[in-house]
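In terms of my numbering, the sequence shown opens at residue 1 and continues consecutively.
It is worth saying that the hints were derived from the structure and are not from the lab.
Straight-line distance between alpha carbons at most 27 Å, and here's what the computed DSS-like set of lysine-lysine pairs gives: (1) 72 x 56; (2) 57 x 93; (3) 149 x 72; (4) 69 x 93; (5) 32 x 69; (6) 5 x 69; (7) 72 x 32; (8) 72 x 5; (9) 56 x 93; (10) 72 x 57; (11) 149 x 93; (12) 93 x 72; (13) 69 x 57; (14) 56 x 69; (15) 93 x 5; (16) 149 x 5; (17) 149 x 32; (18) 32 x 5.
Pair by pair, the computed Cβ-Cβ distance ranges are: (19) 2 x 40: 15 to 25 Å; (20) 41 x 97: 11 to 21 Å; (21) 180 x 53: 37 to 47 Å; (22) 137 x 187: 17 to 27 Å.
Everything numeric in this text was worked out from a predicted model, so none of it was measured.
Where a beta carbon is used, it is the ideal one built from N, C-alpha and C, also for glycine.
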Amino acid sequence: MSNPKVLAFAGSIRRDSYNKQLVNVAKNSVEKLGAEVTFVDLHDFQMPLYCDDLYKKDGMPENAIAFKKLMKSHNGFLIASPEYNGSLTGILKNTIDWATIRHDNEERNACFNEKIAAIMCAAPGIGGSRGMHHLRMVLSSLGTFVLPKHLCVTNCHAHLQDNTALEDDTQQRIDSMASELVRIISRLH
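Input sequences plus hints: build the corresponding full structure.
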């Protein structure tokens with residue numbers, strides 16, 4: 001197998017999102033292990049709220065087509081997402097919803113089947129874990145294997161230093177997750 005290919009993104013479109021910072025730190029860890037990582041900002045792939053009537057009328061949005069193409073061309077995902085009201089963010093759920101719609105005679109859940117995902121969150125307080133459980137449930141139901149352990153960086157404003165480095169303990173947990181992601185992708189793909 002060639003080097004694992006990982007698509008990295010945050011479930012937030014906020015410019016200064018802690019989760020964008022976190023996924024970029026994790027991206028660096030995954031790259032150090034020899035994987036090819038593509039970081040994308042969901043801000044650049046915004047889509048209308050999914051509605052079957054809209055899809056039947058207007059077809060698949062160009063941003064959905066482009067994002068689905070990226071998903072299918074990678075072996076796994078590195079996703080950092082905040083917790084909104086005890087769940088995953090609307091932008092992330094909407095992106096996932098559009099990605100499940102079959103396009104050009106593709107297989108059911110073509111963007112998710114046999115993919116490996118590492119999920120994490122950064123929260124300014126103590127939250128985040130409930131959103132990770134919901135994200136795990138959604139991805140798993142679509143055929144994605146989600147690493148058994150997710151990572152929550154709480155009080156992240158105190159931990160994130162310069163968008164590239166975290167305190168040693170947090171960095172070690174990210175490195176461990178990165179290693180597990182690359183190891184499993186390498187074995188299965």
